[in-house]
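Using our numbering, you'd call the opening residue of the sequence shown number 5 and step up by one each time.
Watch out, some of these pointers could steer you wrong.
[Claimed, not checked] Derived SDA-like pairs: lysine to any residue, alpha-carbon spacing no greater than 20 Å straight-line:
hint, residue 1, residue 2
1, LYS222, PRO206
2, LYS140, LYS222
3, LYS86, VAL57
4, LYS161, ASP123
5, LYS140, GLY60
Quick caveat, the hints were computed from the structure, so don't treat them as lab data.
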Amino acid sequence: MSASETPGTSGSSGQPEPPEPPWRTAPRRGRSVPRPPLSRELVVSAALKVIEVDGGDALTMRRVAEEIGVSASALYGYVANKEELVQLVLEQIIGEIQLPTSSGGSGERLGGPGGPGGDWQDLMRTFAREMLGIFKRHPGVAGLTMGRVPFGPSMLKGSEYILGQLRAAGLPDQVVAFVGDLGGLYVGALAYEQEVTPIAEPGEFAAQAAAWLKSLPKDEFPNMVELADLLTAGTPEDRFEWGLDVIIRGLASYLTSPPTAEAHWPQPG
C-alpha cells in the first residue's frame, strides 16, 4: 500500500486492502506521536519515579526523558542539567515536611508539648524522624544527599523557625549554624545504609554474630565475649534513636560548656 492509500482502499492490484484487526494499534511515527505537555513539575516527578524504581545511580537525563516519552534535549528547557534536577527532587521531598513557621502557621504539628515548637530537643527529634520517614517513602533518594546541600526555598521558613528556637534556647550561634549539616549527614547516611544493606535477615545475622563472638578465646578478647549480646542488639530504629539521643545530648552540653578553641570553630569574616 502506498503512502497515499489508506486501509480499505484499493492497492496496486486494484483490489481493496483488508482492514487492520481491531486489536492492533496504529503505528505512530515521527511527529504523529503525541508529546506530553512538559513542565518542570512533570520532569521532577518523573525523575523521582526513576530514583524510586531503579535507584539514584540510574538517574540520567536520558532515563527521565524515556520515562516521560520525550527526547532528552526536550528536558533542558526546564532543568539546566542533572545536578539541578537532583536538587529539585530533594527540594520536592523536603517540601513534604510540615514545618512550623514563626507566625504559627499550618505546620504546627512538628514539635512537642508547650506550643507550636515545644521543647527544642523534642523539635530536633521530630524533625529527624520526619526526614527518616521521607527517605523510607522515597527509596533511592537518601544516597543523593551525600555530598550535597539540599538548601532550597522549601526549607527556608522551617529552617528559620528551627534556628530561632535553638538560639532562644541559648545554644551558641555557631553551634546553631552547624546543626542542620550534622543532622542531615546523620539521617541521610543512616537511611542510605538501611537501603543498601546486604543483610536479608537482621535478626538471624545478629544471633549468628553473637554466637561467633562468644566463641572467641576469652583471654584474648574478654570485652568482645562479655559484650557479645549488646554488640549485636537492637533494631535499625533502636540505633537511629540512640544516635539521635547522642547528638542532642551533645548539643545540650553547649548550654553549659561553650565551644573551645580546640573545636576549630570558623572565625567570622
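Hints, one by one, checked against the model:
Between LYS222 and PRO206 the alpha-carbon distance is near 26 Å, which puts this suggested pair outside the 20 Å criterion. Restraint check for LYS140 and LYS222: the C-alpha separation of about 40 Å exceeds 20 Å, so the hint is violated. In summary, the hint linking LYS86 to VAL57 is supported, as the alpha carbons are separated by about 18 Å, within the 20 Å threshold. A distance of roughly 18 Å separates the Cα atoms of LYS161 and ASP123; the hinted pair therefore holds under the 20 Å criterion.
For the hint pairing LYS140 with GLY60, the CA-to-CA distance comes to about 14 Å; that is within 20 Å, so the pair holds.
Checked against the numbered hints listed earlier, the structure breaks hints 1, 2; every other hint is satisfied.
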